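**Student:** Chain by chain, the residues:
2 protein chains.
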Amino acid sequence: MRVFIAGIDGYLGWALAQYLTARGHAVAGADLFLRRQWVEEMGSWSATPVVDIETRLAAFEENFGTRLLFRTGDLCDYEFVETFFKEFQPEAIVHLGEMPSAPYSMQSVKHAAFTMNNNIVSTLNILFAMRDVVPDSHLVKLGTMGEYGTPNIDIPEGFFEIEYRGRKDTLPFPRQAGSWYHQTKVHDSNNVLFACKIWGLRSTDIMQGVVFGTRIDEMGDDERLLSRFDFDESFGTAINRFCAMSVIGHPLTPFGKGNQKRGFLPMRDSMQCLTLAIENPPITSAYRVFNQFEEVYSVNELADKVVKVAQELGLKDAVVRRVENPRKEMEEHYYKPDHQHLFDLGYQPTHDMEAELRIMINDLVRYRDRIEAKRDLLIPEIRWDGTRQKVGFIGR
Amino acid sequence: MRVFIAGIDGYLGWALAQYLTARGHAVAGADLFLRRQWVEEMGSWSATPVVDIETRLAAFEENFGTRLLFRTGDLCDYEFVETFFKEFQPEAIVHLGEMPSAPYSMQSVKHAAFTMNNNIVSTLNILFAMRDVVPDSHLVKLGTMGEYGTPNIDIPEGFFEIEYRGRKDTLPFPRQAGSWYHQTKVHDSNNVLFACKIWGLRSTDIMQGVVFGTRIDEMGDDERLLSRFDFDESFGTAINRFCAMSVIGHPLTPFGKGNQKRGFLPMRDSMQCLTLAIENPPITSAYRVFNQFEEVYSVNELADKVVKVAQELGLKDAVVRRVENPRKEMEEHYYKPDHQHLFDLGYQPTHDMEAELRIMINDLVRYRDRIEAKRDLLIPEIRWDGTRQKVGFIGR
Numbered sequence: 001m002r003v004f005i006a007g008i009d010g011y012l013g014w015a016l017a018q019y020l021t022a023r024g025h026a027v028a029g030a031d032l033f034l035r036r037q038w039v040e041e042m043g044s045w046s047a048t049p050v051v052d053i054e055t056r057l058a059a060f061e062e063n064f065g066t067r068l069l070f071r072t073g074d075l076c077d078y079e080f081v082e083t084f085f086k087e088f089q090p091e092a093i094v095h096l097g098e099m100p101s102a103p104y105s106m107q108s109v110k111h112a113a114f115t116m117n118n119n120i121v122s123t124l125n126i127l128f129a130m131r132d133v134v135p136d137s138h139l140v141k142l143g144t145m146g147e148y149g150t151p152n153i154d155i156p157e158g159f160f161e162i163e164y165r166g167r168k169d170t171l172p173f174p175r176q177a178g179s180w181y182h183q184t185k186v187h188d189s190n191n192v193l194f195a196c197k198i199w200g201l202r203s204t205d206i207m208q209g210v211v212f213g214t215r216i217d218e219m220g221d222d223e224r225l226l227s228r229f230d231f232d233e234s235f236g237t238a239i240n241r242f243c244a245m246s247v248i249g250h251p252l253t254p255f256g257k258g259n260q261k262r263g264f265l266p267m268r269d270s271m272q273c274l275t276l277a278i279e280n281p282p283i284t285s286a287y288r289v290f291n292q293f294e295e296v297y298s299v300n301e302l303a304d305k306v307v308k309v310a311q312e313l314g315l316k317d318a319v320v321r322r323v324e325n326p327r328k329e330m331e332e333h334y335y336k337p338d339h340q341h342l343f344d345l346g347y348q349p350t351h352d353m354e355a356e357l358r359i360m361i362n363d364l365v366r367y368r369d370r371i372e373a374k375r376d377l378l379i380p381e382i383r384w385d386g387t388r389q390k391v392g393f394i395g396r
Numbered sequence: 397m398r399v400f401i402a403g404i405d406g407y408l409g410w411a412l413a414q415y416l417t418a419r420g421h422a423v424a425g426a427d428l429f430l431r432r433q434w435v436e437e438m439g440s441w442s443a444t445p446v447v448d449i450e451t452r453l454a455a456f457e458e459n460f461g462t463r464l465l466f467r468t469g470d471l472c473d474y475e476f477v478e479t480f481f482k483e484f485q486p487e488a489i490v491h492l493g494e495m496p497s498a499p500y501s502m503q504s505v506k507h508a509a510f511t512m513n514n515n516i517v518s519t520l521n522i523l524f525a526m527r528d529v530v531p532d533s534h535l536v537k538l539g540t541m542g543e544y545g546t547p548n549i550d551i552p553e554g555f556f557e558i559e560y561r562g563r564k565d566t567l568p569f570p571r572q573a574g575s576w577y578h579q580t581k582v583h584d585s586n587n588v589l590f591a592c593k594i595w596g597l598r599s600t601d602i603m604q605g606v607v608f609g610t611r612i613d614e615m616g617d618d619e620r621l622l623s624r625f626d627f628d629e630s631f632g633t634a635i636n637r638f639c640a641m642s643v644i645g646h647p648l649t650p651f652g653k654g655n656q657k658r659g660f661l662p663m664r665d666s667m668q669c670l671t672l673a674i675e676n677p678p679i680t681s682a683y684r685v686f687n688q689f690e691e692v693y694s695v696n697e698l699a700d701k702v703v704k705v706a707q708e709l710g711l712k713d714a715v716v717r718r719v720e721n722p723r724k725e726m727e728e729h730y731y732k733p734d735h736q737h738l739f740d741l742g743y744q745p746t747h748d749m750e751a752e753l754r755i756m757i758n759d760l761v762r763y764r765d766r767i768e769a770k771r772d773l774l775i776p777e778i779r780w781d782g783t784r785q786k787v788g789f790i791g792r
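Sequences listed follow chains W and V, in order. This note's numbering applies: residue 1 is where the first sequence begins, and numbers increase by one. This note's numbering applies: residue 397 is where the second sequence begins, and numbers increase by one.
No wet-lab data here; the hints were simulated from the structure. If you're wondering where the values come from, they're calculated on a predicted model, not measured in any experiment. Just so you know, even glycine gets a beta-carbon here, dropped at the ideal spot from N, CA and C. Among the hints, a few may not be true.
[Stated by the list, open to error] Some chain W residues close to chain V (C-beta under 7 Å, calculated; not the full set):
hint, residue
1, Trp-38
2, Ile-162
3, Arg-165
4, Leu-171
Modelling step: build the complete structure from the supplied sequences, incorporating the hints.
**Tutor:** Below, the structure is given as structure tokens:
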């Protein structure tokens with residue numbers, strides 16, 4: 001299948017290009033290297049060294065025996081998207097090309113406005129180019145479980161049938177996102193649903209949980225094939241950050257009470273799930289939603305797991321110390337999201353989370369110096385109230 | 397009260413400035429005259445002659461004995477908004493400064509992207525400037541009843557308590573907007589709710605129905621004080637267009653079956669409702685939603701009312717002829733939205749719709765030549781499927 005990946009130089013995009021190519025798909029992609037710039041703006045870098053795109057592409061060709069069709073370009077430039085689609089004629093389009101960080105978007109009005117425009121307009125451009133160039137293609141759009149927030153009722157996959165004042169309807173499940181970034185994903189979901197409705201497009205909207213991991217098997221021993229691995233407050237996910245902290249003896253820092261529950265999944269399962277969505281498109285015009293995660297844990301539970309594995313690997317300084325919560329969010333709440341659609345397509349979760357953590361931490365130990373060099377960045381300072389000041393440790 | 401009006405040169409903004417000033421409020425406002433440009437881009441003009449802003453401001457001072465503090469500027473320029481708020485210290489902020497047309501936004505990817513960015517970023521800028529400059533002020537944000545779409549259940553005012561799988565929660569009512577423009581209003585609502593939640597701001601989000609009318613009493617006989625009155629396919633509301641059509645003997649053109657139901661209200665009631673919201677802010681941090689309309693009619697019923705009044709006024713050629721529907725929307729549907737919150741504040745609807753239509757049509761007869769000159773623009777051509785071709789008459 002011809003698969004176009006928007007944001008192919010990113011954490012998930014670069015891994016997905018390899019995963020799909022290894023399965024025989026023809027992959028093309030675009031990137032503007034904004035993720036590299038944003039992490040630099042945070043004063044940070046990837047724990048895994050990220051080589052320049054030419055070196056990445058050369059390594060790709062050496063390892064997979066095929067060239068990746070790559071273009072540098074801005075998804076907010078409609079002509080760029082349209083031209084690429086005309087040339088490549090994608091059958092599936094995976095949109096991973098958005099600004100993906102809540103804290104980054106919360107820094108200032110300029111960051112909030114940039115995130116809104118970048119994420120919404122890139123998605124609009126893809127939708128219009130699908131309509132006008134490849135109307136039979138299938139959009140796999142990366143959203144986030146964070147779109148739903150933490151309602152006091154079960155979370156279905158996108159839609160629910162409700163009875164209200166004696167009448168029934170099936171409606172989009174209300175979204176309650178917790179950052180400007182998360183809001184953009186909600187706006188995208190609304191826009192993608194609308195485009196499917198009026199133009200008969202096909203789309204799968206992925207509500208993804210928190211992804212963790214350094215690698216997938218396809219990367220083998222070639223360091224040039226590794227995905228980037230961010231651990232700064234903006235671009236590192238909770239678990240990736242916890243693993244990075246454990247290798248340099250920095251306390252692992254759940255926010256507030258740490259009882260915030262989230263869905264988690266390893267990067268290899270994210271690849272498996274995205275590929276299931278790509279290889280099993282809706283047959284006719286449709287907008288479907290997949291909740292994509294493996295298991296629900298509280299942030300405290302995850303931190304404890306990381307400490308356990310780190311200790312087993314001899315990282316004796318790994319401890320958990322909670323910090324003030326820089327966000328405004330519920331720290332105790334009900335959380336029961338459905339995630340059946342991917343199982344229906346044959347999803348086989350990686351059940352051994354500790355084995356995955358062992359691989360990650362072992363990988364990160366090799367890059368201990370690169371993490372140590374940015375130790376000062378591990379305590380967050382971007383606060384949801386608009387101020388900027390490092391949070392303090394709380395409790396024991 | 398010091399009231400800032402964003403979009404003060406527009407249809408509602410210019411009337412509201414007069415309505416509030418007559419009631420003793422101190423009004424300031426900003427505009428970039430984009431509405432004038434957009435209507436020009438459609439090849440059209442206002443039926444009522446719109447004089448330049450200097451003439452408008454001079455007329456304002458002559459009639460109301462006070463100067464209007466006006467600045468030309470872009471709400472998408474954060475510094476402009478912040479500086480104005482610092483200087484004026486508004487107690488209430490009325491945001492009418494958005495691109496308000498569904499067809500305009502549906503024309504092309506550029507128009508869709510412009511509408512997204514313009515509406516979302518202007519609102520974000522206002523929210524951030526409130527947080528940083530006037531955190532105790534109250535935002536009255538113009539949304540639209542179109543945010544809700546046409547669900548098969550009752551529409552509450554913003555939120556509803558639901559039971560789902562045996563548990564209960566009060567959640568935002570799901571939105572199903574029908575154009576890119578309407579989507580921006582949904583995105584705004586989500587963003588405003590989020591800002592109120594994390595920053596403790598106060599806001600009233602107005603889900604307004606279709607407004608009609610040429611004037612409010614405060615305009616008196618001074619033509620320079622009249623609001624603009626658009627009748628092109630993009631910037632004319634259904635009823636305003638029907639009245640314009642009736643005065644030049646052009647058939648009134650409901651789309652499709654014409655059984656689409658909407659909430660309607662005359663401009664004078666829109667002023668009354670906005671003022672009730674302004675003068676009765678929430679006491680503490682809150683995000684509240686008012687559904688603002690008077691009565692629900694189908695488009696066919698409205699057209700029939702306009703024909704009846706026009707005939708009584710001697711406009712014997714006024715007839716209804718349905719046209720193909722250029723939009724994708726339900727033409728037969730359940731529609732029962734609540735609208736209690738404004739009544740609770742003392743809203744007194746103008747019950748005599750026919751009297752209002754009589755005033756409008758009489759006003760428009762004076763500008764018959766200006767409407768006649770743009771007769772070709774009365775049949776819409778912007779279609780939701782992305783094509784552009786004038787719709788044809790259907791049925792009898």
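**Student:** None of the hints should be skipped; say for each whether it holds.
**Tutor:** Verification of the supplied hints:
A least Cβ separation of about 19 Å between Trp-38 of chain W and chain V goes past the 7 Å threshold, and the interface hint is therefore violated. Satisfaction of the interface hint for Ile-162 of chain W is found here, the shortest Cβ-Cβ separation to chain V being roughly 6 Å, below the 7 Å cut-off. Interface hint at Arg-165 of chain W: satisfied, since its Cβ lies 5 Å from the closest Cβ of chain V, which is below the 7 Å cut-off. For Leu-171 of chain W, the interface hint holds, the least distance from its beta-carbon to any beta-carbon of chain V being 4 Å, beneath 7 Å.
When each numbered hint is compared with the structure, a violation occurs for hint 1 only.
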